[in-house]
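Enquirer: Chains X and G supply the protein sequences, listed in that same order.
Numbered by this note's numbering, the letters in the first sequence go through residues 1 to 422 in order.
Numbered by this note's numbering, the letters in the second sequence go through residues 1 to 422 in order.
Hints are not guaranteed to be accurate.
Which copy is meant is left open, because identical chains are indistinguishable; a pair holds if it fits in one copy or across any two.
What the hints assert, rightly or not - Listed below are the simulated EDC-like cross-link pairs for lysine to aspartate or glutamate, each with C-alpha atoms no more than 20 Å apart in a straight line:
#  : residue 1 : residue 2
1  : K337      : E54
2  : K337      : E282
3  : K195      : E361
4  : K337      : D156
5  : K298      : E400
6  : K9        : D170
7  : K286      : E361
8  : K298      : E382
9  : K9        : E210
10 : K205      : E339
If you are wondering where the hints come from, they were derived from the structure by calculation, not from laboratory data.
Just so it is clear, the structure is predicted and the values come from calculations on it, not from any experiment.
Protein chains: 2
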Amino acid sequence: VQTQDIIHKKRLGEKLTDSEIGFIWDGYLRGTVSEAQLAALAMAIVFQDLDTDELTTWTSCMIDSGQRLSYADNPSLPLVDKHSTGGVGDKVSLVLAPLMSAAGFRVPMISGRSLGYTGGTLDKLEAINGFSVSHTPAELTRILSECGCFIAAATDDLVPADKRLYALRDVTSTIASPALIASSIMSKKIASGVKHLVLDVKFGKGAFCETYEAALTLARRMVGLGNASGVRTIACLTSMDRLIGLTAGNAAEVRESLDTLGGEGPADLTDLVLNLAEGLAELAGKPVSRAEFIRLLKNGDALTSFATMCALQGASLPLTLKAPTDTREILAPRSAKFEAPLAEGVARAAFALGSGRSLPEDDTDPTAGVTFLVAPGTYVHEGTPIALLETSRGANALDEAERYVYASLTDVPAARVADWIR
Amino acid sequence: VQTQDIIHKKRLGEKLTDSEIGFIWDGYLRGTVSEAQLAALAMAIVFQDLDTDELTTWTSCMIDSGQRLSYADNPSLPLVDKHSTGGVGDKVSLVLAPLMSAAGFRVPMISGRSLGYTGGTLDKLEAINGFSVSHTPAELTRILSECGCFIAAATDDLVPADKRLYALRDVTSTIASPALIASSIMSKKIASGVKHLVLDVKFGKGAFCETYEAALTLARRMVGLGNASGVRTIACLTSMDRLIGLTAGNAAEVRESLDTLGGEGPADLTDLVLNLAEGLAELAGKPVSRAEFIRLLKNGDALTSFATMCALQGASLPLTLKAPTDTREILAPRSAKFEAPLAEGVARAAFALGSGRSLPEDDTDPTAGVTFLVAPGTYVHEGTPIALLETSRGANALDEAERYVYASLTDVPAARVADWIR
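Chain X with its partners taken away, still in its complex shape (with noise of 0.2 Å):
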């Protein structure tokens, strides 16, 4: 067999059998199938698309290019996780890993960086004075045990083909394939020992899928692939037009946590975090109450795991978050009712402040983040202090901040959608 008759079939939209998928993987990770010949199927692949068969067996043979982790089974104490595609001020991970911890489950959360206007779990937590999200998978396992959870970077032979592939994609326009984003989150997820996994999958225009429909078909690509897989997978369709809950940026977004782990966070942000809490809770066959996660919220456990974790992966205690240099507050331009923010405006503003970054290898301002200081739905007067911006990056950035914060407002009342995909 050659790889281009494999390249072939898949350009006829021919199902590709496991062994011609492990031959292109095999031989890509060798060296005899080129760049040129995988991109080639990349793109075959944008048009005539994998089933679930072949993405299974397609996402399998990444994962082998590295190691799996993995933890001791306990069935008393399920191994589950949260994946999002990515929202504006979307810190849930932050405030469910140590809430689902509270409440007798273990979440060994491997995160990502922010890239252009989406933000980064990890740059958050990195505002963290003495955080640390590097850990062998020694550390990772201990400190699983020691406090239920941890969110950290995922080690360098985790998947090490992902990244290989994506860098590919991202150069051949080849990233639109709905099977090929599924087997780039879901590998990571897979390799990283979790059982049970909720996926919320965002659609809006300030989301990774922009419509409904793109965002229905990813989420059950990710699904058939989680559950092919040995995943017990469930995804929440998510709207994503406006801002979850009053912040973006890094250090803004933990202290919007913290408040939210305290049982005082901003309505929506709590009611996602609670959806999904319970959803995967479920999901992993131990059922637990809405009132039941409320109440670990509100009697400080939560809050209490999340700085147990923070302090096993190299926080002092109390946590601390990074100063900004520079800070400004955004008063309202007229007197009107407040709704939540558009998600566009507040990413660029976000970004403009530093919390975002253009290229992998640039740096994000750990201090960078817009905060609203106003509710929802609350009336107020011309004048009145509606934001405030803080960034270490100096009055320029303030400025762009500042318009975008503007365009960001709205008469608007949110609609918010949460639809189960199971």
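Place chain G on chain X using the hints.
Expert: Using the frame of chain X, we list chain G on its own:
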């Protein structure tokens, strides 16, 4: 502008601008557009096509990777050429070029070699003792002015980009785009300095295009591209399920070409040559009657043209052919009417004898060939010699070829088609 944005446009089926196509080719030739990116773009083109504007620019960029050949314009001696997409036993070039020259046209024919089951005009000519296919542009100019035609290999800097792209397409299963096929063929013809071109596009079991529809699509793309690029172009769609003439191979085809140049060739081959000659003369604005072309075959002028061309290209006169070490006569397996043999079987027989090559770097055997000894429509008795096999590759080659010759025999008369596309 970035390469992936251009690939993205084509992936979505949008039309690329001249500057975008220029950006791709400039970058590919300078190394800033990678093989992987061109492979992905080629695959996107397989699915989304290039229109004639895009294809004309694409082809022009490919040509600009090297040097164009050109000859002084002389309206009374039009520059004409023919290209065939490759038929079994297709020796039309060897007859047509000298015939057109004898009729007062100039034919600067750049031709190719055999690959797989497709015969190569250059390999056939090399069966003539002393004949050389490699000449400098200055030599080609002199030969053309002295005898009105040449048949030679491409110089190294005639569309070098085509070799590189073809090699890439070959390993990435992106040959199949009619636009890219048209571009690969026509780039070399456009760059060769010819002004009027007739294309012989084959369809059928022995042809590159298996169906009439595929041949029609390819013919239309090439005609459109030629006319848009300053080469007046027409195409003739001809059926290719049967052997053309009665020979396939190297020396055998030269012998049959000499017969045909002398007016004593098989009817189907002579007819095909005369059709193409008439079409080409009319296209070049200098019509020549069929009767006149027949006169030039019968009176020895075409044959003299061929001999002069061969001598100028290094052959010793009188022309002699390389002789095989092994021959075998094939006898009629039963009494029946003999009809034009099936192309596929003959192609395999000729290949077995050594007239083709599996890889571009392989050698062919100049002495290899099949010659049928009976005119189609003739009744032959069992045991009568019907074919002669020649090779210098021994008895095993003869054994294999013999089996294929039997497989090529049929009782069904050939129904030849020749449709003009202008």
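Enquirer: Each hint should be assessed against the structure and marked as holding or not.
Expert: Verification of the supplied hints:
1. K337 - E54: neither (51 Å within a copy, 54 Å between copies)
2. K337 - E282: Classified as neither: same-chain Cα gap 38 Å, cross-chain 81 Å, threshold 20 Å.
3. K195 - E361: Neither. Shortest intra-copy (32 Å) and inter-copy (54 Å) distances fail the 20 Å Cα cut-off.
4. K337 - D156: Answer is neither; intra-copy 49 Å and inter-copy 74 Å both fail.
5. K298 - E400: neither (38 Å within a copy, 86 Å between copies)
6. K9 - D170: Classified as between: cross-chain Cα gap 14 Å, same-chain 24 Å, threshold 20 Å.
7. K286 - E361: Classified as neither: same-chain Cα gap 41 Å, cross-chain 67 Å, threshold 20 Å.
8. K298 - E382: neither (35 Å within a copy, 102 Å between copies)
9. K9 - E210: between (31 Å within a copy, 18 Å between copies)
10. K205 - E339: within (17 Å within a copy, 70 Å between copies)
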